[in-house]
Amino acid sequence: MTHEADVIIVGAGLAGLVAAAELAEAGRSVIVVEQEPEASLGGQAFWSFGGLFLVDSPEQRRMKIRDSRELALRDWMGTAGFDREEDHWPRKWAEAYVDFAAGEKRAWLWERGLRFFPVVGWAERGGYGAIGHGNSVPRFHVTWGTGPAVVEPFIQRVRNAETRGLVTFAFRHQVDGLTLTNGVVDGVHGTVLEPSAVERGRPSSRTAVGQFAFRAQAVIVTSGGIGGNHEMVRRNWPPRLGPAPARMISGVPAHVDGRMLGIAQEAGGAIINPDRMWHYTEGLHNWAPIWPMHGIRILPGPSSLWVDARGRRLPPPLFPGFDTLGTLEHIAKTGYDHTWFVLTQRIIEKEFALSGSEQNPDLTGKSVRQVLGRVLPGAPGPVEAFKKNGVDFVVQRTLPELVRGMNALTGEPLIDLTALEAEIVARDGQLENPFGKDAQITAIRGARNYLGDKLIRVAKPHRLLDPAAGPLIAVRLSILTRKTLGGLHTDLSARVLRPDGQVLPGLYAAGEAAGFGGGGMHGYRALEGTFLRGCIFSGRTAGRAIAASL
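Quick note on numbering: our numbering labels position 487 of the sequence shown as 487, and the sequence is numbered without any gaps.
Calculated from the structure, these hints are not laboratory results. Here a beta-carbon is modelled for each residue, glycine too, at the ideal position from N, C-alpha and C. Honestly, I wouldn't trust all of these hints.
Label pairs and their in silico Cβ distance ranges [unchecked claim]:
| no. | residue 1 | residue 2 | range |
| --- | --- | --- | --- |
| 1 | K437 | R84 | 23 to 29 Å |
| 2 | T442 | P239 | 17 to 23 Å |
| 3 | Y128 | Q370 | 34 to 40 Å |
| 4 | R445 | E162 | 32 to 38 Å |
| 5 | T442 | V198 | 32 to 38 Å |
| 6 | E421 | A208 | 44 to 50 Å |
| 7 | T442 | K92 | 34 to 40 Å |
| 8 | L492 | R235 | 41 to 47 Å |
Lysine to aspartate or glutamate pairs mimicking DMTMM-like chemistry, simulated, CA-CA at most 25 Å apart [claimed, not checked]:
| no. | residue 1 | residue 2 |
| --- | --- | --- |
| 9 | K460 | D438 |
| 10 | K366 | E412 |
| 11 | K387 | D466 |
| 12 | K460 | D416 |
| 13 | K387 | E432 |
| 14 | K388 | E329 |
| 15 | K366 | D337 |
| 16 | K387 | D337 |
| 17 | K388 | E412 |
| 18 | K388 | D438 |
| 19 | K460 | E384 |
| 20 | K333 | E358 |
| 21 | K388 | D308 |
| 22 | K387 | E412 |
| 23 | K333 | D466 |
| 24 | K460 | E421 |
| 25 | K64 | D83 |
| 26 | K333 | D99 |
| 27 | K437 | E412 |
| 28 | K437 | D275 |
| 29 | K454 | D56 |
| 30 | K333 | E349 |
| 31 | K92 | E70 |
| 32 | K64 | E25 |
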């Protein structure tokens with residue numbers, strides 16, 4: 001089977017859809033090649049919580065948050081920690097992205113129908129100093145409708161272009177290689193896979209039923225990262241983070257396997273920063289899994305006591321929601337691959353949210369009535385379902401019973417009751433005065449100075465051993481694979497570069513495959529709300545650049 005178009009896009013996730021929409025609106029013909037079934041249109045973005053990084057938005061101003069492009073850029077650069085020669089283009093992408101987030105981004109998204117939850121979240125709070133890692137102010141804007149609402153406007157635009165004959169979808173087409181003529185990338189070839197009716201996210205067959213070859217003036221790689229391929233994650237795991245965990249769970253479907261990165265590299269494209277990655281430390285085994293080793297991330301408020309596998313409290317500022325990568329490094333160097341949250345029913349009701357569109361039916365379904373229920377007593381339904389059915393939860397009335405349950409869950413007597421009780425009693429003692437020396441208690445009180453946190457995200461400080469706040473809860477946390485921060489090296493036009501820094505003609509990359517821009521615009525760390533928007537920004541950039549160049 002052969003076919004020709006102006007542009008071929010490999011990957012029907014968010015970045016690919018945005019690029020296709022831009023190209024079609026410019027009158028260019030596009031083939032979107034996707035190895036998964038049509039049910040998976042939209043890729044990982046569909047499963048997301050829909051968090052977006054915006055700067056100086058109306059939502060922030062209504063919450064009395066003072067933000068600016070200058071503060072956001074300072075936070076970004078302090079978080080990214082760019083320190084390599086190859087960080088030239090990633091740094092340029094970071095600057096361009098912050099300009100977008102502080103400029104036309106919200107209006108551009110609003111024109112496409114996206115709306116935002118009025119309370120702005122405060123992710124990755126940092127805690128190291130004014131020029132170090134973290135968001136100085138809340139910037140995490142949740143899309144009304146979560147991940148499905150993020151992808152829907154772009155699906156509609158591309159489907160409309162399909163009816164006009166400008167876009168052709170080639171589902172179940174697995175790219176095995178890129179074709180070059182006189183050093184210019186001008187097509188793809190690969191395997192046609194048998195039809196599959198599996199539901200979105202579930203593994204699909206790799207049985208071949210034919211071959212294909214498509215030709216075009218340009219090819220865009222938007223195939224995502226490596227989070228579903230644990231072997232590749234471990235192969236790229238950086239020594240600075242300690243040894244790779246022996247056991248991890250997956251925050252993305254199995255088809256997020258990194259295949260296209262190697263294929264693009266074989267064609268001459270350069271991959272930079274493969275050791276930069278973003279994995280979460282608050283993972284739960286999904287009690288109703290969709291893909292293999294399916295994990296769900298807790299989006300925690302700051303009040304849970306975080307202890308390692310032996311019951312030792314994590315050091316400041318490694319509190320829930322403050323520094324994902326710093327916590328990952330600390331955990332990896334303990335010699336264990338799990339940690340624990342110790343908390344109360346009062347904390348779980350106020351502070352636990354679960355990442356993912358399917359775990360937030362009120363926001364995903366755009367139900368104002370159900371959302372208002374979040375301020376009422378009781379934990380959200382999906383959280384209570386995990387507490388009841390999840391294998392990672394221990395719920396008891398007393399601390400001795402809780403510790404026995406924690407040790408029984410791991411099969412080893414790792415937690416010492418006397419030591420953990422001493423830590424908790426000392427922590428509780430810090431609440432007898434409106435001041436104290438416990439850094440986490442200070443952080444909790446500081447968080448409640450922000451109205452959004454006080455209303456729906458941070459429980460009123462209380463003693464963990466107060467029976468009125470119980471029962472006590474312990475939650476075993478696993479490392480959850482998620483994002484690739486490095487990727488194909490691209491310039492500001494999304495053109496893929498060779499190892500010598502020169503452009504590889506005809507090849508472009510966007511989304512996670514390009515480290516969300518440049519081969520890693522986040523540097524070492526992310527500020528959150530920047531992955532979906534990184535896909536949108538880089539997909540838009542690639543589509544517009546190609547449309548102008550053809």
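Checklist entry - Is the Cα-Cα distance between K92 and E70 25 Å or less? => result Given pair K92, E70 holds - Cα atoms ~15 Å apart, limit 25 Å.
Item to check | Straight-line alpha-carbon gap K437 to E412, limit 25 Å | outcome: 33 Å, violated
Checklist entry - Lying within 23 to 29 Å: is that true of the beta-carbon distance K437 to R84? => result For R84 against K437, whose Cβ atoms are near 39 Å apart, the range 23 to 29 Å is violated.
Next on the checklist: Does E412 sit within 25 Å of K388, going by the straight-line distance between their CA atoms?
Outcome noted: With a Cα-Cα distance of about 23 Å, the restraint between K388 and E412 holds, given a limit of 25 Å.
Item to check | Straight-line alpha-carbon gap K460 to D416, limit 25 Å | outcome: It is violated: about 28 Å lies between the C-alpha atoms, which goes past 25 Å.
Checklist entry - Is the gap between the beta carbons of T442 and P239 within 17 to 23 Å? => result 34 Å, violated
Checklist entry - Is the hinted pair K333 and E349 satisfied, with a Cα-Cα distance of at most 25 Å? => result Answer violated: K333 to E349 is near 32 Å, above 25 Å.
Item to check | K388 paired with E329 [C-alpha distance capped at 25 Å] | outcome: 31 Å, violated
Checklist entry - Holds or violated: are the alpha carbons of K460 and E384 at most 25 Å from each other? => result 20 Å, holds
Checklist entry - Hey, K64 versus D83, does the alpha-carbon distance stay inside 25 Å? => result 35 Å, violated
Checklist entry - Regarding the pair K64 and E25, is the alpha-carbon distance no greater than 25 Å? => result 38 Å, violated
Checklist entry - If you draw a straight line from the CA of K387 to the CA of D466, is it 25 Å or shorter? => result Roughly 20 Å between the alpha carbons, so the hint for K387 and D466 holds.
Checked against the numbered hints above, the structure breaks hints 1, 2, 4, 5, 6, 8, 10, 12, 13, 14, 15, 18, 20, 23, 25, 26, 27, 28, 30 and 32 and satisfies the rest.
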